[in-house]
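Protein sequences appear in the order of chains A, B, C and D.
Its first residue numbered 0, the first sequence is counted upward by one per residue in numbering that gives the first Met the number 0.
Its first residue numbered 0, the second sequence is counted upward by one per residue in numbering that gives the first Met the number 0.
Its first residue numbered 0, the third sequence is counted upward by one per residue in numbering that gives the first Met the number 0.
Its first residue numbered 0, the fourth sequence is counted upward by one per residue in numbering that gives the first Met the number 0.
Source of the hints: derived by calculation from the structure; they are not laboratory data.
Remember, predicted model here, so these are calculated numbers, not experimental data.
Mixed in with the good hints there might be a few duds.
The list treats identical chains as one, so a pair stands whether inside a single copy or across any two.
Mimicking DSSO-like on lysine-lysine, the simulated pairs with C-alpha atoms at most 30 Å apart in a straight line are [what the hints assert, rightly or not]: (1) K22 - K85; (2) K22 - K37; (3) K37 - K85; (4) K125 - K22; (5) K124 - K85; (6) K37 - K125; (7) K37 - K126; (8) K124 - K22.
Protein chains: 4
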Amino acid sequence: MINNTSFLKNDRFAALAGIELVKVEPGYALAKMNIEEKHLNGVNIVQGGATFTLADCAFAAASNAYGQVALGINASINYFQAPQGKVLFAEATELHASRRLANYNVDIYDENKELIAQFTGTVYKKKDKVE
Amino acid sequence: MINNTSFLKNDRFAALAGIELVKVEPGYALAKMNIEEKHLNGVNIVQGGATFTLADCAFAAASNAYGQVALGINASINYFQAPQGKVLFAEATELHASRRLANYNVDIYDENKELIAQFTGTVYKKKDKVE
Amino acid sequence: MINNTSFLKNDRFAALAGIELVKVEPGYALAKMNIEEKHLNGVNIVQGGATFTLADCAFAAASNAYGQVALGINASINYFQAPQGKVLFAEATELHASRRLANYNVDIYDENKELIAQFTGTVYKKKDKVE
Amino acid sequence: MINNTSFLKNDRFAALAGIELVKVEPGYALAKMNIEEKHLNGVNIVQGGATFTLADCAFAAASNAYGQVALGINASINYFQAPQGKVLFAEATELHASRRLANYNVDIYDENKELIAQFTGTVYKKKDKVE
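This is chain A alone, in the form it adopts within the complex (with noise of 0.2 Å):
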């Protein structure tokens, strides 16, 4: 089983967007990002990046959790309005697990629960480990 702290404490892109994992169970995270100014972009909204980073990090942080390596093989993420509060969460739960892949849903809300984006994401599941 991952120690979500040091989870966290690998994933230096992670730290560098200020990201927490709030909750780690095999197939389910949540994560959270404190909106700042270091996450805005040229029209002062939260960059499309770091609103994927966020997702991705629930999305890899419920996959890994099961203790086998699994690499996101490709993500889709649609956009839906800008966030108008001052947190964002992104919740990732498992769809689907075969032995070699597993599907994830993301949802990227706000503190009031208002659905900011969705994200979709495949692992590929390896043979090693999580350290």
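Given chain A, work out where chains B, C and D should sit, using these hints.
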């Protein structure tokens, strides 16, 4: 016409990620990211969010370079292999544009032109001008 | 409000594929396809295009049921497993809608509620009314 | 090596949709569909499912032409414009292949080489040989 330097200065998340725009024209952009420790994930490869953010910057630059505000409404990325090199480039080209929508392909490759990932994205063009 | 029977009569490709609409409401639709030999591919499983077409019909019915013409601008499908049953259902629900765009999720499952595939799609809403 | 004629005979949904394979090589395929009334939707344009099915056939032919069974695990399609011509072509090319996965781009265009839609897809390669 967009001023590349000001466009980059305004995008604080792109700056945080160390992304620079090499060339920008209406419907085309080339972005670059020198791979540093801050881009790595828990297993020491470039985080999916960093690769996505690089592609998204090229996509945003190319689509906003016409001078009309273009908002990304969705994007899809396929990861092919972990980068072996020291630099990542993202090259965005417009596939099709209508009055309100436009579609882009973004190839992500390293300094040896090895294809690392592919991104496709759609923008919705607002009536506002890019400042 | 759309008349389900006329909507189906007009969609000749849906008719060719043997797809029927079970329920249609603004922002929601349930479509059904009895699996027949004509839906199978070279390895005797339901062709990806048949599964996609079923999902696309539910997506189109749900998004056009507001009475305003809604054109699909993109769609993404993840295939989880080959259907084991005799029937496929596609259930479309609206995730978010703005003035010009709307996003849908479509779950594709068999008669045992086993999830077979997941589809997401975006429509662009025109000013024209559905006849 | 796959026999194009037998491949088409076995895919009953492709046959139903009137799709023919023009050229098939490992990692490449060109498929064709003469637009007929049966392909149209309720507003008299080619149904999204028909366009997708055409692209999916080219994708399946190209990826299975190596002789190893390749299953489509996901696909994404962007629709650019309604076809004005009488014929649709789908041209699939391999972007990248590893031992278990491969990624394809499929351009869908009419007889005037006007780009109608773009499709990307991923296959999972099984150990089984194509019969």
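Now the hints, each set against the structure:
With identical chains, the CA atoms of K22 and K85 are at most 30 Å apart within one copy only, with a shortest distance of 20 Å there and 34 Å across copies. Taking the shortest alpha-carbon separations for K22 and K37, both the intra-copy value of 24 Å and the inter-copy value of 24 Å come in at or below 30 Å. With identical chains, the CA atoms of K37 and K85 are at most 30 Å apart both within one copy (13 Å) and between copies (25 Å). When the C-alpha separation of K125 and K22 is checked against a cutoff of 30 Å, the pair qualifies only within one copy, where the shortest distance is 23 Å, while the shortest distance between copies is 35 Å.
Only between protomers do K124 and K85 lie at most 30 Å apart by alpha-carbon distance; the minimum there is 26 Å, versus 35 Å within a single protomer. Taking CA atoms no more than 30 Å apart as the test, K37 paired with K125 passes between copies only; the shortest distance there is 25 Å, against 34 Å inside one copy. Proximity of K37 to K126 under the C-alpha cut-off of 30 Å is restricted to the inter-copy arrangement: shortest distance 27 Å between copies versus 37 Å within a copy. Only within a single protomer do K124 and K22 lie at most 30 Å apart by alpha-carbon distance; the minimum there is 21 Å, versus 34 Å between protomers.
The earlier numbered hints are all upheld by this structure, with none contradicted.
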